[in-house]
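The numbers in numbering that gives the first Met the number 0 rise by one with no breaks, and the one at position 228 of the sequence shown is 227.
These are computed hints drawn from the structure, not numbers from a lab. Even for Gly, the Cβ is constructed at its ideal location relative to N, Cα and C. Among the hints, a few may not be true.
As the list claims (entries may be wrong) - Restricting the straight-line Cα-Cα distance to at most 30 Å, the calculated cross-link-like pairs of lysine-lysine (BS3-like) are:
{"no.": "1", "residue 1": "K175", "residue 2": "K264"}
{"no.": "2", "residue 1": "K264", "residue 2": "K452"}
{"no.": "3", "residue 1": "K160", "residue 2": "K264"}
{"no.": "4", "residue 1": "K160", "residue 2": "K175"}
{"no.": "5", "residue 1": "K26", "residue 2": "K175"}
Claimed, not checked - Distance windows between CB atoms, simulated:
{"no.": "6", "residue 1": "V406", "residue 2": "D226", "range": "21 to 29 Å"}
{"no.": "7", "residue 1": "S361", "residue 2": "H421", "range": "40 to 48 Å"}
{"no.": "8", "residue 1": "R149", "residue 2": "H237", "range": "13 to 21 Å"}
{"no.": "9", "residue 1": "D132", "residue 2": "L24", "range": "39 to 47 Å"}
{"no.": "10", "residue 1": "P318", "residue 2": "D347", "range": "45 to 53 Å"}
{"no.": "11", "residue 1": "H237", "residue 2": "A207", "range": "21 to 29 Å"}
{"no.": "12", "residue 1": "D346", "residue 2": "T230", "range": "42 to 50 Å"}
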Amino acid sequence: MAQNVLFICSDQHQRDITGCYGDPLVKTPNLDRLAARGTIFDTAYCAGPICVSTRASMQTGRWVHQLGTWSSAEPYTGHIEGWGHRLLAEGRECFSIGKLHFRSNEDNNGFSHEVIPVHILDGIGFTSTMVRDRDFGYPSNEDFANDIGRGESRYTSYDRKVCELASAWLRDEAPKQEQPWTLFASFVAPHHPIVAPDAFYDLYDRDAIDTPRLRGADERPDHPVLDVTQTVWDYDKHFRDDDHIREARLSYYGYVSFLDDNIGKILAALEDSGQADNTLIIYTSDHGEMLGNHGMWAKMNMYEESSAIPLIVAGPGIPEGERCDSATSHVDLHQTILKAHDLALGDDDSELSGLALQDLISGDHRDRGVISEFHETGAITGMFMLRWRNWKYIAYPGYPPQLFDMVADPIEAHDLMGDPAHAETLSACDTKLRSIVDYEAVNAQCMAEQADKVADLGGRDAALNDGEHAYTPMPDVT
């Protein structure tokens, strides 16, 4: 029988800072309760560790290279239809409240309504992110380290409005629907600015907050591509000392608890609507947050804190209190939503690599591999990550790859690329990655397309002159 879908998405939520993923300090009672009555996916990854790229994959079930949504200035335009378009064609309500980060609500993005949507700035985005040879930091990076602490921001105000409107829709409109519906409720927390409202900031004791691991250059693996990444996204140098870092990390914990509280209100509204027994609930985030580990903040790399995502599914037919360790991706959400609606794949879905999460839970997919890609400024070549079996393999065309044993070394402290004992594994991982993406050809294609777009803007200097925003401004929803 067809089910409703409540799809809750956050922004920049590090997977491991969630109670049900093992963090003993963070307070996320609502996500923990959701996980207890559903299934947790322990090996889930974003399609690309930036908002614009991965949200397009989330919407369509396609990899970044299949969409060409390479950077923060190359967004989804509805040009390839996704699950929302399919639901609308079947006469199903598909309602969006909150952040989307596509080009514009003037495009057909697959929703019957987009309420307080946030898209890329002015429909153009941050054009500087297409300049791949940038070798200096953004002046606005300093804002990342300074816009922290207790208080309110446009982001917290926005999320309160998302919660209010989503809860009202569930209570008032969901019961009126004659066909199964989908509500996409999309928060901006805990994306920077890392500002936590007082009640949530005060949940944490500064002395209990750890400093980042592997922060020092002598503690972590070195790589020439990541050296440039850290130069361009040089957030870490703007933190004065350990106390300053603890303030940011404490604020992030409070911000996650603020997010969790809003999620709890939406789940309560679903219960009040009388629709909960026939509703599949999905919670995920678009990507993670480094939070100072490996000397990095935000995302834009393939370490776990950046590329891994929380993913929890609950509802009819979903095992309760279970964990799934099969490799999983944002591209699986397309099939998941269609399956919940009892709809088969369409004629245009032949190139999809995803699997419905309902099937991943019940089948043996331990040999499955998924990928993540990164193609914008700070990456002098593309980053192509494969997560397969115990391994994380990252190809950097023109540069040495990286290899990590995610069972023996979950914090990615030891790059095994140069270890002769792992030469066979390295080769097998490269073969597996190439079976999913011809990464050298894709890298060349991406670089050429971005060079043409930069030229069309008037050249490198014109592309770099994009306003230097630290983050996408939120609308005033008060």
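We went through each hint and held it up to the structure:
{"no.": "1", "hint": "K175 / K264", "verdict": "holds, 20 Å"}
{"no.": "2", "hint": "K264 / K452", "verdict": "violated, 43 Å"}
{"no.": "3", "hint": "K160 / K264", "verdict": "holds, 12 Å"}
{"no.": "4", "hint": "K160 / K175", "verdict": "holds, 22 Å"}
{"no.": "5", "hint": "K26 / K175", "verdict": "violated, 35 Å"}
{"no.": "6", "hint": "V406 / D226: 21 to 29 Å", "verdict": "holds, 27 Å"}
{"no.": "7", "hint": "S361 / H421: 40 to 48 Å", "verdict": "violated, 33 Å"}
{"no.": "8", "hint": "R149 / H237: 13 to 21 Å", "verdict": "holds, 19 Å"}
{"no.": "9", "hint": "D132 / L24: 39 to 47 Å", "verdict": "holds, 41 Å"}
{"no.": "10", "hint": "P318 / D347: 45 to 53 Å", "verdict": "violated, 32 Å"}
{"no.": "11", "hint": "H237 / A207: 21 to 29 Å", "verdict": "holds, 24 Å"}
{"no.": "12", "hint": "D346 / T230: 42 to 50 Å", "verdict": "holds, 46 Å"}
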